[in-house]
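Here's the letter readout for the chains.
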Amino acid sequence: MTGVKYFIISFFIVGTLAGIPHYFAKDTTTETEILNPYENLEGKWSATFKSTFFKGIIHYKFNKENNSFYITRVIEENGTDYRDNSLSLELKEYNGTSGKGIYHYQDEKVKEKIKCEVTFKSPNKLKVIYNYKGYPITETWTKLKQ
Amino acid sequence: MENLTKLLNWEDVKGWFYVLNDLSIFYVILPFFIVELVRYTFLKQMSWDIIKDSIANMITFGAFVFIEYALGILFITKLYFWVYEHISLTHLPITWITIICCILLADFAYYWDHRMMHRIGIGWVTHTVHHSSPHFNMSVAYRFGPLDAVFPLLFSLPIVMLGFNPILVLFCEAFVQVFQTLLHTEAVGKLIKPIEAIFNTPSHHRVHHGSNRQYWDKNYAGILIIWDKIFGTFEPEVEKVVFGVSEPINSNNPITVFFHGFTRFADKLKNIKGFSNKLKAFVKPPDWEPSDE
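Protein chains in written order, with our numbering: chain B, 95 to 240; chain L, 174 to 466.
Calculated directly from the structure, the hints in this document are not laboratory data. Misleading hints may appear alongside valid ones.
To be verified - Here's a subset of chain L near chain B, in silico, CB distances under 8 Å, partners left out:
1) Thr-271
2) Leu-335
3) Thr-354
4) Pro-367
We treat Cβ as the ideally placed atom computed from N, Cα and C, and that holds for glycine.
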């Protein structure tokens, strides 16, 4: 019986001590939003593609001047490795955890704009969701070490 | 309240813990140990045994740090981050509220971890090293057993699951340890009542190291003694404390000191009949013996 009593007390103590910072975390997030919500996107990111349109890896770098991701490197499935500037992702709005943006694709023949949604899952994971030619696509980006 | 919920610069936080944890050995622990040595000399209690005991303490600390680093690099840090990334609640921002609650949770975890190390056989196998010194000074705080870094894992991982940054959890655990270190002294008597009522003090911790029967398995606290009061393990210092374990090891050989828990447990297992009884010895209290023997 004592064991059960101690377990309940412990549960209450842990719940309280963990609950307090979670409760106040909302206030903190508001403040970080005002300070610089884009801070957690800074650095280089890697996205792996296995779609019918492209198979390989694309590295992006976040440019904080215009809140956009630019390609730094493309590695095709067959190992071909090159620089490319046909694709960029411009964030129109972002609150530190989620936001909306536009994928800009441009080559000699085509110029496309695709609306997308971005979710910051963790300091190392970013999710980008959009529709391309009727196909719903979810990309998971991984933060690259600096 | 605004100050408590303001997002802190992580580099600043790391700097504060570096000063509080890592540098404390230079500005408080080592100077205090020198004061204790002077006190021993002044009271004509200084002996070769104290010197050899202190050296053995430092060597066990070296061995402990080696094991901890090896485990940390190979396993613990990766596990902490895996848990943080995959099975934790929303990640908490680094604010004063987060830090204060993390220290309190680390202290609470320390209480239960410490209690478990005393109350189950395999825990005592390693923790007996810390209690085996017949002396009580700052150097004893560094007398660790081989697996002393393993058991806290069971209690700190849930804190990471609650959304606290793993590095912050490690910092807070180290802070509790540093606070604990400062309690290993005979040079400080009882402090004023409000402090003795809330905080763990040298007096409370002397009781914890006592081999007097009424002091066994008491005062497990790290920073706050209120955990012992809540969970029925508090004992005030009344009778003069006799330091050490009930069966002294009578050796200052660091190897004997570091491994005596294992050798004694191996002997105990040899004398226990039956496989299930041998298994029980790992999880039953250290003084447990099968009823059919």
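Hints versus structure:
| no. | hint | in the structure |
| --- | --- | --- |
| 1 | Thr-271 | holds (4 Å) |
| 2 | Leu-335 | holds (4 Å) |
| 3 | Thr-354 | violated (23 Å) |
| 4 | Pro-367 | violated (21 Å) |
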